Amino acid sequence: MSETPPKLQWRGIKKAFDGAPVLRRLDLDVAAGRSLVIIGGSGQGKSVTIKIAAGLMPPDAGALLIDGQPIDLASARERRRLAGRVGMLFQGAALFDSLPVWENVAFRLINADRMARKAAKARALEVLEKVRIGRQFAELYPNELSGGMQKRVGLARAVIGDPEILFLDEPTTGLDPITGRAINALILEQVKGLGCTAVTITHDLDSARTIGDEIAMLNDGVIVWRGPAADIDRSGNPSVDQFVRGDPDGPIKAAV
Amino acid sequence: MTDIPAVLRPVRSVGRSVLAALRQAGAVTLFAGRGVAAVFSPPWFFGQLGRQILGVGYFSLPVVGLTAVFTGAALALNIYTGGGRFNAEQIMPQIVALGITRELGPVLAALMLAGRVSAAMAAEIGAMRATEQIDALQTLSTDPYRYLIAPRLAAAVLTLPVLTLVADIIGIAGGWLVATKTLDFNATVYVRNTWDFLQSWDVVSGLIKAAVFGFIVALMGCYHGFTATGGARGVGRATTHAVVSAAILIFAADYLLTSLFTHR
Chain A
127 MSETPPKLQW RGIKKAFDGA PVLRRLDLDV AAGRSLVIIG GSGQGKSVTI
177 KIAAGLMPPD AGALLIDGQP IDLASARERR RLAGRVGMLF QGAALFDSLP
227 VWENVAFRLI NADRMARKAA KARALEVLEK VRIGRQFAEL YPNELSGGMQ
277 KRVGLARAVI GDPEILFLDE PTTGLDPITG RAINALILEQ VKGLGCTAVT
327 ITHDLDSART IGDEIAMLND GVIVWRGPAA DIDRSGNPSV DQFVRGDPDG
377 PIKAAV
Chain B
6 MTDIPAVLRP VRSVGRSVLA ALRQAGAVTL FAGRGVAAVF SPPWFFGQLG
56 RQILGVGYFS LPVVGLTAVF TGAALALNIY TGGGRFNAEQ IMPQIVALGI
106 TRELGPVLAA LMLAGRVSAA MAAEIGAMRA TEQIDALQTL STDPYRYLIA
156 PRLAAAVLTL PVLTLVADII GIAGGWLVAT KTLDFNATVY VRNTWDFLQS
206 WDVVSGLIKA AVFGFIVALM GCYHGFTATG GARGVGRATT HAVVSAAILI
256 FAADYLLTSL FTHR
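Protein chains in written order, with the numbering used here: chain A, 127 to 382; chain B, 6 to 269.
What the hints contain is simulated information worked out from the structure, not anything from laboratory work.
Please read all numbers here as calculations on a predicted model, not as lab measurements.
Be aware that a few hints might be false.
[As the list claims (entries may be wrong)] With the Cβ distance kept under 7 Å, some of the chain A side facing chain B (calculated, not the full set): (1) Leu182; (2) Phe216; (3) Phe222; (4) Arg234; (5) Asn237.
Even for Gly, the Cβ is constructed at its ideal location relative to N, Cα and C.
Using the sequences and the accompanying hints, generate a full structural model.
Structure (structure tokens):
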């Protein structure tokens, strides 16, 4: 039994919107350097789970711990400090429309780390190359890129600050299977290369099996199963089995 | 809880509206406080400030200028007509100058900005909210108040007085044009009468009003955009609310400031 605390812990997290509970009591943790994938149906609280962990949304109750230390999500200073330790790839990439590709990637270096623009650009171009975005695209604006390229730029922006924890929100949603697999491969390469802890939320089981060391299933605001990614097909959990089979009948109610 | 006598239901609904209005006023005040605090605390984003000054000021010059010239011209005609009823046509240059500098210059420039800038701010920030760009800013260790709100507030407060000064000059010129070309006023006398009559406070009070209106325009645009919910429809709603609330607040502030300056 290791004495090292988990890198990231959600402890008894509760969150409701307009009185409707989304997270009933979330207890989950990820060990340092591991990749956890959270799966679950639409509206089950997956995005809320990582938004709380990224400091974008305060929980109603419970605690978030990093390296065993509680993070006070009500404090703006704590949230800023937390932001310095994490990177996040958003579902729609969330690139800044008004900035060219390179400046999107270099944003943290220029605006938060106050690095000189020339040095930041050089670093951004290096990272863009790692996600297979050539220099010829660096001066383009996000709306001039395909969805897959936007995701890659978003990934480059998320990893440029060498984050301790990387959050990935539906990294392959809306992409064709080939581009989706290319993104998965890039994520794996970046996560392993950085040695960071990764938390991904996805509906895409192919993606979950590829990038996850472990998979956790969120249903009705609680974790109903957790195990190695290799065990997802033999979990023995009715919710997971239904999700894997894509069966409309079962404990998970389809959000229609 | 809901079972109250029918006669009291209108009271309940008025109460709810009052509470909702107070909540909204409280939220706007808190937002304004955070925005103003961000203006005065580093880091400052001068690139953003420059971009906003260009957008709010430079690109608004044509619309403000055109509004001012036609308003000045129309005002001159109206005062000439009104003055003619008691043989006082000759005071037209002075009244045009007073009306433009103290009232119409700042109010019209602000209303033009409410339509042009407040709407654009609400739409841009609202779209950023809808596409998670504001969340992205936070994960990139950048305070959205400092990066998005502070430059817009500062740009509008700095720029609207300059635009108003331009509107004052163009508005008075509009009056001069009508007076000299269609009403047989002497061009030199018109300018001298205007110049001799105007006091520096007439212009300065208009510029102070303009700075306040600039704050209102930017605050409404930023607040409604920042708090937009519900995707594209929410952004559209935010834009409408920004323009309408900015216009109403400009008129309310105009009355308060005019009343304050009149008793000075």
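Hint by hint, here is what the structure shows:
{"no.": "1", "hint": "Leu182", "in the structure": "holds, 5 Å"}
{"no.": "2", "hint": "Phe216", "in the structure": "holds, 5 Å"}
{"no.": "3", "hint": "Phe222", "in the structure": "holds, 6 Å"}
{"no.": "4", "hint": "Arg234", "in the structure": "holds, 4 Å"}
{"no.": "5", "hint": "Asn237", "in the structure": "holds, 5 Å"}
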